[in-house]
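Student: All chains, please: the whole structure from these sequences, using the hints.
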Amino acid sequence: MTAQAPAQLAAPRRQRGFNLEKWGWVFMRASGVVLVVLIFGHLFVNLMLGEGIHALDFAFVAGKYATPFWQWWDVIMLWLALIHGANGMRTVVNDYVTHSGVRKTLLGALGLAAALLIILGTLVVFTFDPCNGVFEDGAMWETCQALVK
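So that you can map any letter, position 24 of the sequence shown is 45 in our numbering, and since no number is skipped, the others follow by simple counting.
What the hints contain is simulated information worked out from the structure, not anything from laboratory work.
Watch out, some of these pointers could steer you wrong.
Claimed, not checked - Label pairs and their in silico Cβ distance ranges:
1) E157 with L133: 39 to 45 Å
2) E157 with L41: 36 to 42 Å
3) G53 with L133: 21 to 27 Å
Virtual Cβ for every residue (Gly too), placed ideally from N, Cα, C.
Tutor: Now the structure itself:
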């Protein structure tokens, strides 16, 4: 038997179309960088500015969620963190689950859980009402009455 010359070897076949693994890899790197900025910005504003951790209470959160900037900051952080985590878990499942039926079930459950948490988290941020369920004898009554006027 003779060895084939390098020129006679077939070129590797390239996959055409959308490559989920490649774009998942790119997303993990890009979202990781953006998440570092978002998370450290979130921690700096909540823990370092003003009175620091002693200022964190319901009124602080209500004040932050009264502005669209902080709503979008937290929603983008939520979306990226959940998608980043779900993509990482997808990689783990693909690497370690060998039975195709179990793998498809786990990936479906993972996608469903991530989608449900993204929807619920987004609804909480954008529909947050600090006066919902406040009664006259509650501590927030005067604050909510001032907001209504």
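Student: Honestly, do E157 and L41 meet the 36 to 42 Å range at C-beta?
Tutor: The hinted range 36 to 42 Å is violated for E157 and L41, with Cβ atoms some 56 Å apart.
Student: Take a look at whether the Cβ-Cβ distance between G53 and L133 falls inside 21 to 27 Å.
Tutor: At roughly 24 Å between Cβ atoms, L133 and G53 fall inside 21 to 27 Å, so the hint holds.
Student: Indicate whether the distance between the beta carbons of E157 and L133 respects the range 39 to 45 Å.
Tutor: At 42 Å between Cβs, range holds.
Hint 2 from the earlier list is the only one contradicted by this structure; the remaining hints agree with it.
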